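Here's the letter readout for the chains.
There are 2 protein chains.
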Amino acid sequence: MDKSICPRFEKAMGLLGQRWTGMIIYQLLDGPQRFCSIESSIGVSGRVLSERLKDLESEGIVKRNVYPETPVRIEYSLTEKGLGLEPLMRDIEKWSQAWLEA
Amino acid sequence: MDKSICPRFEKAMGLLGQRWTGMIIYQLLDGPQRFCSIESSIGVSGRVLSERLKDLESEGIVKRNVYPETPVRIEYSLTEKGLGLEPLMRDIEKWSQAWLEA
DNA sequence: TATAATTACTTACATAAAGTAAGTTACTAA
DNA sequence: TTAGTAACTTACTTTATGTAAGTAATTATA
Chain A
743 MDKSICPRFE KAMGLLGQRW TGMIIYQLLD GPQRFCSIES SIGVSGRVLS
793 ERLKDLESEG IVKRNVYPET PVRIEYSLTE KGLGLEPLMR DIEKWSQAWL
843 EA
Chain H
743 MDKSICPRFE KAMGLLGQRW TGMIIYQLLD GPQRFCSIES SIGVSGRVLS
793 ERLKDLESEG IVKRNVYPET PVRIEYSLTE KGLGLEPLMR DIEKWSQAWL
843 EA
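The listed protein sequences correspond, in order, to chains A and H. For the first sequence, my numbering gives the first residue as 743, with consecutive numbering after it. For the second sequence, my numbering gives the first residue as 743, with consecutive numbering after it.
Rather than coming from a laboratory, the hints here were simulated on the basis of the structure. A hint or two may mislead.
Put simply, identical chains are the same to the list, so a pair is met inside one copy or across any two.
Computed list of lysine to any residue pairs in SDA-like fashion (alpha-carbon distance at most 20 angstroms, straight line) [to be verified]: (1) K823 x T812; (2) K805 x L825; (3) K836 x V814; (4) K753 x P810; (5) K805 x S792; (6) K753 x E781; (7) K836 x E801; (8) K836 x L795; (9) K753 x A844; (10) K836 x G759; (11) K836 x S746; (12) K836 x S787; (13) K836 x P749; (14) K805 x E835; (15) K753 x E828; (16) K836 x E752; (17) K753 x E799; (18) K796 x N807; (19) K836 x S779; (20) K805 x V790; (21) K836 x P813; (22) K753 x R776; (23) K823 x G788; (24) K753 x S782; (25) K796 x Q775; (26) K836 x L825.
As the structure is a computational prediction, the values presented were derived from the model and not from experiment.
Given these sequences and hints, build the entire structure.
Structural data, given as structure tokens:
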């Protein structure tokens with residue numbers, strides 16, 4: 743094993759290369775959203791969504807906001823770090839428009 | 743399920759969101775490379791690398807070049823479509839430099 | 001000359017990740 | 001009172017990945 747690749751790049755890829763992570767972030771670019779809304783819009787299972795949101799929160803990419811109304815409302819949003827991924831997401835959009843069939 | 747997300751974006755994410763795919767493409771940005779070289783540089787198993795290269799080839803992102811020398815030499819390189827992913831890879835680099843610890 | 005090594009894989013088997021469906025707790029609307 | 005929604009969790013099944021060994025062709029080494 744040579745492993746000359748930058749460990750930060752590797753870590754970023756480890757995050758983004760996980761199933762659903764990119765879709766969740768992309769979805770949150772539209773603004774804060776609730777659990778069930780993310781779930782239904784991208785088609786991820788609750789089991790995995792729950793797992794991913796926890797990971798992303800612990801990485802400081804997503805923030806969990808609790809609004810103590812009745813009933814309580816919980817929204818997930820991107821942090822500054824998470825918003826930093828927008829250019830990247832736009833590149834994926836552009837590439838997919840340019841190179842993939844509809 | 744609402745699924746208002748662009749199907750092309752979804753497909754792109756389905757590709758890039760697979761384990762190792764991004765690392766393979768990133769590695770190939772440095773130029774054509776042989777199987778065992780990719781294997782050792784990113785630490786992917788031969789089993790999965792073989793699978794991914796076939797997928798990427800069938801998607802037209804990677805090209806398999808056979809040089810009939812003795813012994814035969816096989817190199818993998820990015821197609822134009824694959825090279826189109828460079829800006830995206832550079833954005834991941836930038837983001838990881840800006841937001842992740844070394 | 002026999003043995004070991006390399007390249008580009010494939011195969012078989014074990015473990016980890018994801019999907020599915022049901023369950024939970026708190027609350028609301030009919 | 002019954003049904004429904006939101007935000008999850010749990011148990012179980014299926015799929016994906018990791019690990020290690022095997023293969024075929026060729027080359028280098030003792």
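For this session: Quick one: which hint numbers does this structure break? Sort them smallest to largest.
Result: 1, 3, 4, 8, 12, 14, 19, 21, 22, 23
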